[in-house]
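Can you make the complete structure from the sequences, with help from the hints?
Number of protein chains: 2
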Amino acid sequence: MHFRPELVHIKGYVPGEQPLGDEAVKLNTNENPYRASESVFDAIRKVAEIGLSRYPDPLASTFRKAAGRLYDIDPDWILCGNGSDDLLTILTRTFVGNGELLRLPYPSYILYKTLAELQGAAAETVHFQPDWTLSHRFTDNPAALAAQRETHERSNRLRLAFLPNPNSPSGTILSPETILRLAEELPCPLVVDEAYADFAETNCLKLVEKTEKIIVSRTLSKSYALAGLRFGFLVAQPQMIEQLLKMKDSYNCDTVSIAAATAAITDQDWLAENRAKILATRGRLTQRMRDFGFDTPETHANFTWNTRSDIQVKPIYEHLKANGILVRYMNYPGWGDGLRISVGTDSQIDRCLELIEKYLLEDGGERIGELKIEN
Amino acid sequence: MHFRPELVHIKGYVPGEQPLGDEAVKLNTNENPYRASESVFDAIRKVAEIGLSRYPDPLASTFRKAAGRLYDIDPDWILCGNGSDDLLTILTRTFVGNGELLRLPYPSYILYKTLAELQGAAAETVHFQPDWTLSHRFTDNPAALAAQRETHERSNRLRLAFLPNPNSPSGTILSPETILRLAEELPCPLVVDEAYADFAETNCLKLVEKTEKIIVSRTLSKSYALAGLRFGFLVAQPQMIEQLLKMKDSYNCDTVSIAAATAAITDQDWLAENRAKILATRGRLTQRMRDFGFDTPETHANFTWNTRSDIQVKPIYEHLKANGILVRYMNYPGWGDGLRISVGTDSQIDRCLELIEKYLLEDGGERIGELKIEN
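Those sequence lines, one after another, are chains A and B. Every number in our numbering is 41 more than the matching position in the first sequence, counting from 1. Every number in our numbering is 41 more than the matching position in the second sequence, counting from 1.
FYI, nobody ran anything at the bench for these hints, they're computed from the structure. Certain hints may be false.
Just so you know, same-sequence chains aren't split out, so a pair can sit in one copy or run between any two.
Unchecked claim - Distance condition first, Cα-Cα at most 25 Å in a straight line; then the derived SDA-like pairs of lysine to any residue: (1) Lys251 x Leu111; (2) Lys251 x Arg331; (3) Lys355 x Gln328; (4) Lys355 x Gln309; (5) Lys52 x Asp117; (6) Lys154 x Phe44; (7) Lys318 x Thr243; (8) Lys52 x Trp376; (9) Lys87 x Arg76; (10) Lys106 x Ile282; (11) Lys106 x Val55; (12) Lys362 x Arg329; (13) Lys154 x Ile282; (14) Lys287 x Ala164; (15) Lys154 x Asn139; (16) Lys154 x Arg316; (17) Lys154 x Glu58; (18) Lys52 x Lys287; (19) Lys52 x Asn139; (20) Lys52 x Asp98; (21) Lys287 x Asp332; (22) Lys251 x Glu90; (23) Lys87 x Thr307; (24) Lys251 x Phe44; (25) Lys247 x Thr174.
These numbers were taken from a predicted model, which means no experiment stands behind them.
If you want it as C-alpha cells, here you go:
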C-alpha cells in the first residue's frame with residue numbers, strides 16, 4: 042500500500058514506559074505524584090450529571106476566559122489543545138512543509154524531531170553548551186549550518202524553532218531576555234515550550250506581546266497533575282492564532298477536559314501548595330544526588346538530570362526498575378547519558394535514594410565515588 | 042510570518058452552529074438527543090475517584106479489547122482516536138502528501154476536502170448519481186478525470202478515497218458488495234466513514250478481512266450519545282495500523298474518554314434501545330416531510346435530507362431558527378440545497394414539524410404544494 046514514503050522509514054516517537062498496573066513507582070515521565078485539585082473532580086462529576094450528547098465548544102471559551110483572567114491576556118491570544126502534543130503538531134503543520142527545516146536544541150524533547158519527520162521535513166539540532174546555555178549558532182541562518190547537514194537544498198528554508206524552557210532532560214532554564222534575543226535573531230517563529238514553567242521562577246508569557254515570533258505553549262499535565270486529561274494551551278498574537286485555528290481538528294478538546302482544565306487553573310491555591318511541596322522534595326533530591334557523586338545541574342522543573350563521568354548509570358536504572366521504581370535512562374549520541382528522575386512524593390524519593398545509595402555502596406563502595414569519604 | 046502558503050489561502054472547516062446556551066433545540070449536527078448509558082457516567086465518576094495524574098494508555102487497550110470482543114476482531118486491528126476527526130486527520134496525513142490527490146463523493150462530508158487542503162493536496166470530487174449511487178467514475182484512475190481538473194500534474198497521484206456510508210447529508214447507504222467492488226477497483230485505500238452505521242442495517246466491518254484497502258472508521262458521537270467525549274476508532278489490517286500509529290499523537294485519547302468509551306460499547310442493551318427510539322422517530326419524520334411535499338430519500342442515519350424543487354427552503358431554516366430550532370441548511374454548488382434535520386426526541390421533532398407545517402400553510406397554503414389537497 043502507498044504510505045507516504047517518509048513515514049515508512051521513520052521509527053515514530055516512543056513515549057516513556059507506562060506500566061498498566063498500579064504497582065510501579067513512576068519517576069520516569071514527570072507526572073505529578075499528587076492528586077489534582079478536588080475542584081477538578083467536582084467539575085468532572087458535574088459534566089457527568091449534564092451528559093455528553095452535545096459537541097464541545099470548538100474554542101474552549103470558558104478555559105480561555107479563565108486563563109485570560111489569570112495571566113491578564115486577551116482570550117483571543119489563547120488556543121487550546123488536546124495536550125500540548127496536539128499544539129506542537131498543529132504548530133509544526135502550520136509552519137513546516139515538506140522539505141523544509143525545523144530547529145531544536147540538543148539534547149531536548151525528542152518528539153520535536155519526529156514532528157518534523159512526519160511532515161517530510163528535516164530537524165536541525167544545535168548542541169547546548171556544556172553549561173546548558175545556547176551559542177549564537179541556534180539563531181544562525183541555515184546556510185551557516187549547512188556543513189553539518191547531508192543536503193544543502195534546504196539551506197534557506199528554516200521555518201520554525203522549538204525551545205523547551207525549562208529544558209528536558211536538564212531542567213535548566215534560559216532567561217526571558219535571552220529568549221527574546223534568540224527570537225529576534227531567528228528568521229522564523231520560536232515556540233517556547235513551557236511544559237515545566239510553573240516549577241520555575243520566570244517564564245516568557247509577557248514576551249508574546251513584544252513579538253509575534255514568540256509562541257508559548259503550556260500543559261496541565263505536570264504542574265496541575267492532569268497528564269491523564271490531555272489539556273494544553275498556547276499563547277500567541279491573534280493573527281497567529283487565526284491561522285493555527287484552521288489546522289486544528291474542529292473539536293480537539295472534549296467537554297470533560299475543558300471543564301476540568303478550567304477548574305484546575307482557577308484553583309491557584311492548589312497550584313501554589315503543590316508547587317511548594319514539589320520544590321522542597323526537588324531540593325532534597327538534588328542535594329542527595331550530588332552527595333552521591335552525580336553531576337546534577339540546578340533544575341527549574343519537576344525532575345532532575347543526573348550524570349556520572351566515572352561509572353555507568355544504566356545499571357542503576359536497571360537496579361531501580363528491578364526494585365519497582367521506574368526512572369528515565371536517556372542516552373543522547375554525541376552528548377552522553379544520564380538518569381532523569383521525576384520529583385515524586387517524599388516517600389517515593391526516599392525509597393529511590395535509598396536504592397541508589399545501596400547500589401553505589403555494593404562492592405565495598407567502589408562505585409560511590411566520594412560518598413564514603415564524605416560520610 | 043511564513044505560514045505554509047497553502048494554509049493562508051484556505052478558509053478552514055466551519056462546523057455546525059453550536060450555541061453556548063441550553064435554550065435552542067439542536068437538530069443541526071446529528072447529536073443524539075438522549076443521555077448516554079449510565080454506565081458511561083459511572084466510569085467517569087470512577088476515574089474522578091482514581092485521579093488523573095498519570096498519562097493515559099497510548100493505545101487505549103481496554104477499549105480495543107472490548108471492541109474486539111464485540112465485533113470479533115483482534116485488538117491489533119483497531120486504532121483509537123480523539124473523535125473520528127482525529128482518525129480522518131491521521132489517515133490523510135499517512136497517505137496523502139503535498140501535491141497529491143484525495144477522492145471523495147459529492148455531496149458528502151465537507152471536512153474531507155479541508156483535510157486534503159491542509160496537506161497541500163487536492164480533493165477530487167465525483168458526483169453521486171441523482172439516486173445517490175456512485176458511477177464507475179468514483180474508481181476511475183485519475184487520468185480519466187483529468188479534464189475536470191485545473192492541473193494535470195497530479196493525475197497519477199490518487200492516494201486515498203473517503204466514502205461516508207451512510208452518507209451525509211443524504212442518509213443513503215451503499216451495500217457492502219458495492220463498497221468491496223469500489224475498493225478493488227481503486228488504486229488506493231478506501232476509508233469507509235461509518236459514523237452513522239449503527240443506525241443502518243449493514244456495515245463494512247467484515248470487509249476489512251478481505252482487503253487491506255478497506256479501512257472502516259467509527260465514532261461514539263452519534264449512536265452512543267457521546268459527541269462531547271471525542272472518541273472514535275478505526276478498523277484496518279495490522280500492517281496498516283502499524284504505520285498509522287506513527288502518525289498519531291502519543292496520548293491522543295485521554296483517561297476519561299477511554300474509560301467512558303469502553304463502558305459505552307459494553308452496554309449494547311442501551312444501544313439497541315436508543316437505536317429503536319431514534320428509528321421510530323426517524324420513520325415518522327421522513328413520512329411527514331414527504332407529506333409536506335419534500336423529496337426525502339430513505340435514510341439509514343439519524344437525520345433526514347429534505348429538498349424541494351418548487352419553493353426555497355432557506356427561509357424555512359430561518360423560520361425554524363427564529364423559533365428556537367436549529368436545523369442544517371446546506372447548499373452544494375452544482376447540486377442544490379436542502380435541509381438536514383437530525384432526529385431529535387419525539388417532542389422536538391413534533392415542534393419542528395409543527396413549525397414547518399405552519400410556515401408552509403402561510404399565504405393561503407401556496408407554499409405547501411399538495412398538502413392542502415391531501416388533507
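Do the hints match the structure? See the list:
1. Lys251 x Leu111: within (19 Å within a copy, 55 Å between copies)
2. Lys251 x Arg331: Classified as neither: same-chain Cα gap 39 Å, cross-chain 60 Å, threshold 25 Å.
3. Lys355 x Gln328: within (21 Å within a copy, 71 Å between copies)
4. Lys355 x Gln309: Neither. Shortest intra-copy (39 Å) and inter-copy (49 Å) distances fail the 25 Å Cα cut-off.
5. Lys52 x Asp117: Between copies, since 18 Å is at most 25 Å while 37 Å is not.
6. Lys154 x Phe44: both (20 Å within a copy, 19 Å between copies)
7. Lys318 x Thr243: within (18 Å within a copy, 57 Å between copies)
8. Lys52 x Trp376: For Lys52 and Trp376, the Cα distance is within 25 Å only inside one copy (21 Å; across copies 45 Å).
9. Lys87 x Arg76: both (18 Å within a copy, 14 Å between copies)
10. Lys106 x Ile282: Within one copy, since 15 Å is at most 25 Å while 39 Å is not.
11. Lys106 x Val55: The answer is between: 22 Å across copies meets 25 Å, while 34 Å in one copy does not.
12. Lys362 x Arg329: Only inside one copy: Lys362 and Arg329 sit 20 Å apart there, 67 Å across copies, limit 25 Å.
13. Lys154 x Ile282: both (23 Å within a copy, 22 Å between copies)
14. Lys287 x Ala164: Close inside one copy (24 Å) and across copies (17 Å); limit 25 Å.
15. Lys154 x Asn139: Classified as both; 14 Å inside a copy, 20 Å across copies.
16. Lys154 x Arg316: neither (30 Å within a copy, 46 Å between copies)
17. Lys154 x Glu58: within (20 Å within a copy, 37 Å between copies)
18. Lys52 x Lys287: between (28 Å within a copy, 7 Å between copies)
19. Lys52 x Asn139: both (18 Å within a copy, 21 Å between copies)
20. Lys52 x Asp98: Between copies only: 19 Å across chains, 35 Å inside a chain, cut-off 25 Å.
21. Lys287 x Asp332: neither (52 Å within a copy, 41 Å between copies)
22. Lys251 x Glu90: Intra 44 Å, inter 43 Å, cutoff 25 Å: neither.
23. Lys87 x Thr307: Both ways: Lys87 and Thr307 sit 16 Å apart in one copy and 23 Å across, limit 25 Å.
24. Lys251 x Phe44: between (42 Å within a copy, 19 Å between copies)
25. Lys247 x Thr174: Answer is within; shortest intra-copy Cα gap is 21 Å, inter-copy 57 Å.
Going down the numbered hints, you'll see the structure goes against 2, 4, 16, 21, 22, while the others check out.
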